[in-house]
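Novice: Please work from the sequences and hints to get the whole structure.
Numbering-wise (this note's numbering), the sequence shown opens with residue 9 and increments by one.
One thing to keep in mind: the hints can contain errors.
Computed list of lysine-lysine pairs in DSSO-like fashion (alpha-carbon distance at most 27 Å, straight line) [what the hints assert, rightly or not]: (1) Lys41 - Lys60; (2) Lys98 - Lys132; (3) Lys41 - Lys75.
Taking CB as the label site, the calculated pair distances span [to be verified]: (4) Ile90 - His57: 55 to 61 Å; (5) Ser114 - Val86: 33 to 39 Å; (6) Glu70 - Ile90: 45 to 51 Å.
Just so you know, the hints here were simulated from the structure itself, not pulled from any lab data. Every residue gets a Cβ at the ideal spot worked out from N, C-alpha and C, and that includes glycine.
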Amino acid sequence: MKIRNYGRKIMVEETKKKGHKKSEKSLEKMTVKELRVIAMEIPRAVAVHDMKKAELIVCIKEARGIKDEGPVKIKKKVVAKIKLSKSEIKGKIKQLREEKTAAQASKNRKKMDFLRRRISHLKKQTRKFAAA
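Specialist: Here it is, written out as structure tokens:
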């Protein structure tokens with residue numbers, strides 16, 4: 009209990025230590041210091057202070073008999089890229105140029121910018137294709 013005097017008023021505060029239960033936090037979210045305290049309680053644990061966080065977690069899980077379940081990984085869909093030949097790329101460039109002139113005539117700035125970037129990208133591909 010702490011008593012603090014602020015001017016005329018006397019305030020009484022009770023200080024409480026944070027009592028964390030082991031089951032409150034998952035082991036992965038605990039700090040290394042917290043994990044070391046838990047590992048020190050294990051009778052067979054040796055060289056706890058030399059262990060890294062991952063090693064401490066494994067040691068504690070083995071002592072408690074917890075099966076290590078890896079994090080759930082989300083599989084990304086793999087989109088197969090279609091490789092075009094140099095002549096097919098050039099044909100695509102011609103088609104996009106025609107679309108670009110149509111966009112210029114209708115003064116569609118957004119479409120023109122998109123097509124300009126797409127044409128530029130395809131031209132870079134043809135240069136890479138020629139260099140290889």
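Novice: Each hint needs a verdict: does it hold in this structure or not?
Specialist: Hints, one by one, checked against the model:
| no. | hint | result |
| --- | --- | --- |
| 1 | Lys41 - Lys60 | 10 Å, holds |
| 2 | Lys98 - Lys132 | 11 Å, holds |
| 3 | Lys41 - Lys75 | 23 Å, holds |
| 4 | Ile90 - His57: 55 to 61 Å | 56 Å, holds |
| 5 | Ser114 - Val86: 33 to 39 Å | 37 Å, holds |
| 6 | Glu70 - Ile90: 45 to 51 Å | 49 Å, holds |
Violated hints: none; the structure is consistent with every hint.
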